[in-house]
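With chain A's structure known, arrange chain B on it following the hints.
Protein chains: 2
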Amino acid sequence: MNQIKRVVIVGGTHGNELIGIYLVKKFEEMPKLIQRESFESYTLIANPKAYEIGKRYVDTDLNRCFQRQDLENPKLSSYEAQRAKAIYRTFGTGGSLAADFVIDLHSTTSNMRLTIILPSKHSFNLRLAAYLSSVNPNVKVLYSEPKTSDRPYLDSICEFGCTIEVGAVAQGVLNATLFQQTKELVHIILDYVEAYNEGTPPQVKDTFTIYQTIQTIDYPRNEVGEIQAMIHPQLQFRDYEALHPGELIFLTFDGQEIAYEGDSTVFPVFINEAAYYEKGVAMCITQQLQEVLSL
Amino acid sequence: MNQIKRVVIVGGTHGNELIGIYLVKKFEEMPKLIQRESFESYTLIANPKAYEIGKRYVDTDLNRCFQRQDLENPKLSSYEAQRAKAIYRTFGTGGSLAADFVIDLHSTTSNMRLTIILPSKHSFNLRLAAYLSSVNPNVKVLYSEPKTSDRPYLDSICEFGCTIEVGAVAQGVLNATLFQQTKELVHIILDYVEAYNEGTPPQVKDTFTIYQTIQTIDYPRNEVGEIQAMIHPQLQFRDYEALHPGELIFLTFDGQEIAYEGDSTVFPVFINEAAYYEKGVAMCITQQLQEVLSL
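Here the protein sequences line up with chains A and B, keeping their order.
Per full-length UniProt numbering, residue 1 is the first one in the first sequence, and the count goes up by one each step.
Per full-length UniProt numbering, residue 1 is the first one in the second sequence, and the count goes up by one each step.
Here chain A stands alone, though its shape is the one from the complex:
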């Protein structure tokens, strides 16, 4: 693998996730914070119009607009489709400032601590994630096997990098503790890339824990799609904790308790994320795996 020559740090892919937006603004005011010797650093507020109106998006979720087939489709003309095309033309493969590595900064109403979402299991990404989880126990590593190779997420604009999800924090709110932890995490990532470029990446243990998504669970809904239950108090904010068959996951508006009906212990994440109500996702179910790094 060649060196990382250009890094892009993205905030505001969702306009109401303020930590990434204000972190990018800070980096733009004080560019030395993200400069390193061996690569160029760029910043981007991905969805400025959504930030202006204080919403996740204007027309459609920007972080689902990056499939190659959509980027190449001239008929797609929503604000976010246009933004995705412009971002890809700049930082994507063959772009005017084609990036080798992307950090996409998100926040969530779920208690996701400092989650690194792996875009792929390329050994570079795995080693970085292993390193990050070794230096900070709050770092969790999440991975979803993509359904097709054409992923719709912003972090798919280059082969290397990650999406960072920090929480729990409300939409439209800055949380100073999470802001500082995210800033620190970005610095550690940039330092790692620098060390990698210099041929001296930090050593990591050869196994580390990842959480791999196996399914999503929707809220119970009625025939017209209205939700009929809430996340059970016993599950709220318990992202990444073990959920055993028979444990309670929902409480209906009538006070009935609904248990998890799977047949094995799982680890739910993105529990009660505000933006996922409309996506039909009350939580994502993961398995906890020990990932073995190849030499």
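Hints listed in this document are in silico derivations from the structure and should not be mistaken for laboratory results.
Just so you know, not all the hints are guaranteed correct.
Treat identical chains as interchangeable: a pair holds within one or across any two.
Here are the simulated lysine to aspartate or glutamate pairs, EDC-like style, with alpha carbons at most 20 Å apart [to be verified]:
id, residue 1, residue 2
1, 279, 52
2, 49, 59
3, 279, 184
4, 26, 223
5, 49, 226
6, 25, 254
7, 25, 223
8, 55, 278
9, 26, 191
Relative to chain A, chain B alone:
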């Protein structure tokens, strides 16, 4: 004072405060929950279009649209101005279903527990608040001396009632614990009104604690109005706790700590409420007072 003949329970004055909206939906499905012998109960989703689009409001904050001078101003034609006029024509003084008592259900990203906001210091409202805070230590009573008698809040449509603020909960999210606590609080209020109508209101102690707003504090901002600091981690979620002069309230994006410069101990509330960033309010400063009930 006459009997309370008609009560209206309002949710969704802000479209992204889901607890009140889903509670009103539940009451509409199961009207027996809010029926009592001595009065009629009505429900209202105040801002259905804002709820549809998942925002606080469409054009302007509905909960600032109820000044009489605005309700009578034919030139005001925003969606919310029209909604306020329609609501007042129905449930306001002289309306087709003029209400004597209103409960307006809100939620907040601040850690406000179960806050009763008093619309006035009428002895009926005070006695109700004293009772509620006596039955549940999570209930806090908040009062702001109005600048003019023409208050802009929805709860000003009738003389009696209150606004309920529950939190901390993110916008666009249901929290089951707070949902159930709010439901319980509404039941207790309705039972209180019933007992009052029957001439047997519960006895209360003759003093109780209220928090009276004395000022608001904005975020530090630069010359173009952009915020330059966040709520300090030591203050986050500490609504209703004592804040002493010299204690830290903000952390700038550069890591500088800013202390409270007042000269007496105060009790901040609405700390880091998402919707107040645009209103120039990082927190409201209150004094803790012992309110004495008149006989």
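Evaluation of the provided hints:
Taking the shortest alpha-carbon separations for residue 279 and residue 52, only the inter-copy value of 15 Å comes in at or below 20 Å, while the best intra-copy value is 23 Å. Taking CA atoms no more than 20 Å apart as the test, residue 49 paired with residue 59 passes in both settings, with 10 Å inside one copy and 17 Å between copies. In this homomeric assembly, residue 279 and residue 184 never come within 20 Å of each other (Cα to Cα): the closest approach is 31 Å inside a single copy and 30 Å across copies. Only between protomers do residue 26 and residue 223 lie at most 20 Å apart by alpha-carbon distance; the minimum there is 16 Å, versus 47 Å within a single protomer.
Taking the shortest alpha-carbon separations for residue 49 and residue 226, only the inter-copy value of 16 Å comes in at or below 20 Å, while the best intra-copy value is 29 Å. When the C-alpha separation of residue 25 and residue 254 is checked against a cutoff of 20 Å, the pair qualifies only between copies, where the shortest distance is 11 Å, while the shortest distance within a copy is 45 Å. In this homomeric assembly, residue 25 and residue 223 come within 20 Å of each other (Cα to Cα) only across copies, at 16 Å, whereas the closest approach inside a single copy is 45 Å. Proximity of residue 55 and residue 278 under a CA criterion of 20 Å is satisfied in both settings, with 14 Å inside one chain copy and 14 Å between copies.
Taking the closest pair of Cα atoms, residue 26 and residue 191 come within 20 Å of each other only inside a single copy of the chain (18 Å); across copies the shortest separation is 53 Å, beyond that limit.
Hint violations for this structure: number 3 only, all remaining hints satisfied.
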